[in-house]
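Undergrad: What follows is the residue order along each chain.
Number of protein chains: 4
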Amino acid sequence: MHKVNVALIGSGFMGKAHSLALSELSVLFPDCPLQPHKYVVVDVNEELAKTAAQNLGYEKWSTDWESVVSDPQVTLVDIVTPNDLHKPIAIAAARTGKHIFCEKPLSLNAQDSYQIYQEVEKAGVKHGMGFHYRKIPAIAYAKELIRQGKVGEVFAFRGFYLNDWAKDPNGPLSWRFQKAKAGSGVIGDQCTHAIDIARYLLGELEQVCAWVKTLIPERPLPTSVFDALGRKTEGRGKEMGKVDVDDACAILFEAQGGILGILEANRCASGRKNYLSFEINGSRGSIYFDWERNNELWYCSNDDRFEEHGYRRLLMGPGHPYGQYFWPIAGINIGYTEAVAINFYQMLQAIVNDTDCDPDFEDGWRIEEIVEAALRSHEEKRWVLCHAV
Amino acid sequence: MHKVNVALIGSGFMGKAHSLALSELSVLFPDCPLQPHKYVVVDVNEELAKTAAQNLGYEKWSTDWESVVSDPQVTLVDIVTPNDLHKPIAIAAARTGKHIFCEKPLSLNAQDSYQIYQEVEKAGVKHGMGFHYRKIPAIAYAKELIRQGKVGEVFAFRGFYLNDWAKDPNGPLSWRFQKAKAGSGVIGDQCTHAIDIARYLLGELEQVCAWVKTLIPERPLPTSVFDALGRKTEGRGKEMGKVDVDDACAILFEAQGGILGILEANRCASGRKNYLSFEINGSRGSIYFDWERNNELWYCSNDDRFEEHGYRRLLMGPGHPYGQYFWPIAGINIGYTEAVAINFYQMLQAIVNDTDCDPDFEDGWRIEEIVEAALRSHEEKRWVLCHAV
Amino acid sequence: MHKVNVALIGSGFMGKAHSLALSELSVLFPDCPLQPHKYVVVDVNEELAKTAAQNLGYEKWSTDWESVVSDPQVTLVDIVTPNDLHKPIAIAAARTGKHIFCEKPLSLNAQDSYQIYQEVEKAGVKHGMGFHYRKIPAIAYAKELIRQGKVGEVFAFRGFYLNDWAKDPNGPLSWRFQKAKAGSGVIGDQCTHAIDIARYLLGELEQVCAWVKTLIPERPLPTSVFDALGRKTEGRGKEMGKVDVDDACAILFEAQGGILGILEANRCASGRKNYLSFEINGSRGSIYFDWERNNELWYCSNDDRFEEHGYRRLLMGPGHPYGQYFWPIAGINIGYTEAVAINFYQMLQAIVNDTDCDPDFEDGWRIEEIVEAALRSHEEKRWVLCHAV
Amino acid sequence: MHKVNVALIGSGFMGKAHSLALSELSVLFPDCPLQPHKYVVVDVNEELAKTAAQNLGYEKWSTDWESVVSDPQVTLVDIVTPNDLHKPIAIAAARTGKHIFCEKPLSLNAQDSYQIYQEVEKAGVKHGMGFHYRKIPAIAYAKELIRQGKVGEVFAFRGFYLNDWAKDPNGPLSWRFQKAKAGSGVIGDQCTHAIDIARYLLGELEQVCAWVKTLIPERPLPTSVFDALGRKTEGRGKEMGKVDVDDACAILFEAQGGILGILEANRCASGRKNYLSFEINGSRGSIYFDWERNNELWYCSNDDRFEEHGYRRLLMGPGHPYGQYFWPIAGINIGYTEAVAINFYQMLQAIVNDTDCDPDFEDGWRIEEIVEAALRSHEEKRWVLCHAV
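Protein chains in written order, with the working numbering: chain A, 11 to 399; chain B, 11 to 399; chain C, 11 to 399; chain D, 11 to 399.
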């Protein structure tokens, strides 16, 4: 088994998630042809980097991502920095021939993302995107049911990502509420997971019509550093600043083949904590999923007799995708770490087999095109084609 | 207590529902100032009318709605005929000074509905609409929570009416699949209930953007009479006919005050049986409801402590609207009949107190305007204002 | 169609429920061979009786149950009085040849109930028991699935009746908390519904082992009249009285054929409002039901493929028992009144067809034997046979 | 940070689970005072042991547990062998001064378990038990709510462990169906988790009354090795063998302070996959949990206003126990691995702080006493005291 030296660039919440996944990976997937090694972690100063190396279990640390990216010992660059650094790191890594795993979004806009995508393709490196949620057994099984024809012709799709972490108007004006740093609000953040799942299950989205809205237009200016989600309320200032990105969005879409659907995201939806959910209705059956119960998939088959027709609750287990890697009976359950681990595992397989990652940077770019089309649709109050190419 | 002689015009599924409600009404609501009397029922031929009188408990029967409408003994005309007869009956009843209870939709289009509305207003009679679903305690309590400010500023609304009675492509081409008879498909049928609830809870809808879709474009021509929902498959012909109305629709909307939301309806959504559902997220809390569990309301309050914050499941009982009329503990449950009974009860109160019915024909007309705006939006692929006036 | 003159003895909560059911009955069931007529209502004083006649829609009223019971115009005596009057009224009614519908429990103890049962059998009148809950489509369909062999050999049964109406220690010491008036506590009240369902689905219970417990040992003495559930807290006194019956019970049982199960009831189970629930696991499948969602039945079939095996949620509709009498699509929903109406409807059929009511007074007696065996088991800390005969 | 060299004895399903937990541990808990090192793994032959070392990530392998247990490099012996080996390994490990983490059950009977417990106490080593389920945030938060008095006086407890992995009568007669190898059936296996949770939340169980039952009395003799749950059906023989342990059990119990409750376990409960569930009702509120949705806790407070009183669904997140170690918003979810990791983490803290593990071998022994009391109760058809001491 060959080792893959991983360079983790960034050590926040997602850095921890990735490191957990890497720690689990070879135990979960004994057939994995490559074994990831936590080689080096990078953060902005020595204290953060040192602590990260110790806490997350990396052999080395650094404050200089450029030298790390060009280190010949490094095989895979794992980007979990703030969004504005994705582009320079990814391009530098591609140019030194590193495989790249990048957290979503790929960059701050579709144009930059297209450029990154062109670079990695030219460099011939593998590129995986951090849309981890869809990698779990329940969603993989949804895809499998669709592939088997059990949904039939798709009649409708509705996808949501609702949570309420931003509902407090006293929550400070972190970078996620500023266009200059985040590009957009919930539409470019949570909503992209819903878009990712829609594309995964249905195929490309071709046109959209959307509204977006800023629900809490002003927030206290922060007076100190905050965590990744801007939820640390201590130290918020008395002055208020303007939120110039959306807190909520809703999208009508048409996917390839004329499939119609809706998508919605909201980060002030009180009572919804991590409601990444979808339902797909088809001529032969339906599927429903909600991440808050990530080990369940609801399935309804039109083959059922009339009086026994109804949604059934399937608890994921050995009969479902990746079942052999997890627990011997259904309902013992996996969590978020395993979603990330499956994504990494499949990327390692893609490296060995020289196949495309799924999702890859092309997906990252396409999703940003959709976000931008939706924002344009909101401005122009009409349907907008998603993709120029 | 005064008697109100009711003339029921039509004796299908809704005729039975109304008659059940009338039978229950005075027992349920002993404080009702008027007591309905099932005076006469009308249907298209003697056999149907006689049977209806016997089965539904009316004193008399008739095959001639015109004479019944002008019968001085009749106080209230209750219209449950096919949609195309609503207009002539309602106008005739108004002109002879009868109060009118009309099943939805008010007529085949907004223009006719406006005319009917003008007639009843001119005549000074009371006019109630059969949007019964929203009359139940759970939805009345949702309204009450909003009125108390417990939801706060409305951040988002999503409403659905999903069912699957039309999912079988071998279901015959009944009138509900024909534009000439039904006006539109699911958007003018199920979706109007979702629209009604949105308007009830939020206020007027001002503009919409929608898609509609025919999911099953051809169905077998029927060779005999079918039931109200076209579900009687015996006797369907071998020839196929074209469905020229929508089976599915999705609507982005803006309500008064800038509230944004979505609405969706689908009659081929396998696994959903009577999923008339809504969720409203606001600055102080959220509410969720699903008719399939019509005795529950889910409520989340931002006053709850962070670690105890979550949707709570409220089972309707004596503490909720109409609680004194139903059962002494929560969870004993009411069904659809009670929704209709509450609607009638409130109309009788409106007659006594000379107040407006809620909903009334103005609501019936406004909802049809919204449906037509949505259909126009679909044609023109843009946002459309709902109301001319 | 023949009329059945009904004499309602008692006009509280259950009197209203029965009257609603009678009002609905002939509209719901047009094929009903007998039509109930609300002939006379009896209560303890003229004011109550008069008001009841007016509110509940009876032709006449009386304060003298004995003369009513012997009135030759009366065909069916419907007993909804406090429990201690059941015996004298039922025996008097039997001796004058009236059919009898009696609310549960049949009497204050098994011995009295046996005597009543002997009297009605000797008189040859029909006798129906007010265990209404089990009459709804969902539970009737559970029985049907069992009959079809879809559950197979019964592996386990668990039944519950949990609610929380008695959880407030300041709730007054109404008759339901006093052994002299109520016989027992929750075990003889709510728990008998769970026992009834167990017997209905499994057959006779043969032996039991139980614990019972008084959870709130003292309550304020009431200083005025209270409602049927003793929940009216106004007017409670400052002195405390002793609760000498159980608030909670749990029962291990063995039913005929060696089936094992558990039953539990609790009236102080905070958060449970009307949780009359059961689950039955068998060699071929399982069934789950909860009255709080009385229009749903959950069913799991071992014929399902391994990866599609799971409980499915069936919403009751036209394909299920009594489906033709209710709504044309599933999920429109019925409530408690319809349960009572079905029970009455079947009793009227039993009168016409000269068959036994189901449940009848034999069931009422047998259930009290089981309650007494459970109480004896608690005293003696061992398993006890339920039935002497 | 000091390293703890772990010797894993056994490499089946639980060996994988423990190894995953150890891999995650230091990343999850950066404040962990000791860092586990996967030092050596033992299995019955060279091939299994070598493969385990490679797949599970241990530095060394061995086929000789005795030499491993006495290896001075080993600090912690982690026992995940078949049950009959727990005793000799644990005693040997104690005698060489190793800390011990032992999967449940501690041994084949209470007497042996008591002996083991005496040995580890005498040796002064730390001893942790593998009742991992209760270590998750949801159950820890349930305990916290109880500790804060939010449940008040406990009115009732019901606990379940239902699953259906053994429902197929063609599933082979693995060791779990044989008394000689397993001691008992579901009562000593799944049910002990329910007992563990009951004791954790309520305190000691003092007396019990139970039934047990073998649901599938004969199964095909296996003709080859099967997996840990005996679910590998290939290779089952044509001859049948007798199952001499229980597949189902139900227990009435009295816990300290007079708390009454019920417990039930069943491994043929079709549709239940991993339903480790409990509900606790008290004078101030209630709690409900179900492992199949292991990231949720349902809580009902009697402080809520009457009309807003109902179970609320809490999704575990940063406000709950261990919240700082997992994800920044609720509903991202953890799985089974994290339960095991928390158990290990707390054991490492117990080693550093010289406190007792929770649960420890005393719990393991006490739980077996309860199992044996329940089995004796079944034999003698009466209540039985659980503990001699």
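Do not take every clue at face value.
Because identical chains share one entry, a pair is satisfied inside a single copy or across any pair of copies.
[Claimed, not checked] Using 25 Å as the maximum straight-line C-alpha spacing, the simulated DSS-like pairs for lysine-lysine come out as follows: (1) 160 x 191; (2) 60 x 189; (3) 132 x 248; (4) 97 x 391; (5) 70 x 60; (6) 160 x 132; (7) 97 x 153; (8) 252 x 13; (9) 191 x 97; (10) 252 x 153; (11) 160 x 13; (12) 248 x 70; (13) 13 x 70; (14) 160 x 97; (15) 97 x 70; (16) 153 x 189; (17) 153 x 248.
These aren't lab readings, by the way, just hints derived from the structure by calculation.
Undergrad: Which numbered conditions among the earlier hints are violated in the structure presented, ordered from lowest to highest?
TA: 1, 2, 3, 4, 6, 7, 8, 10, 11, 12, 14, 16 and 17
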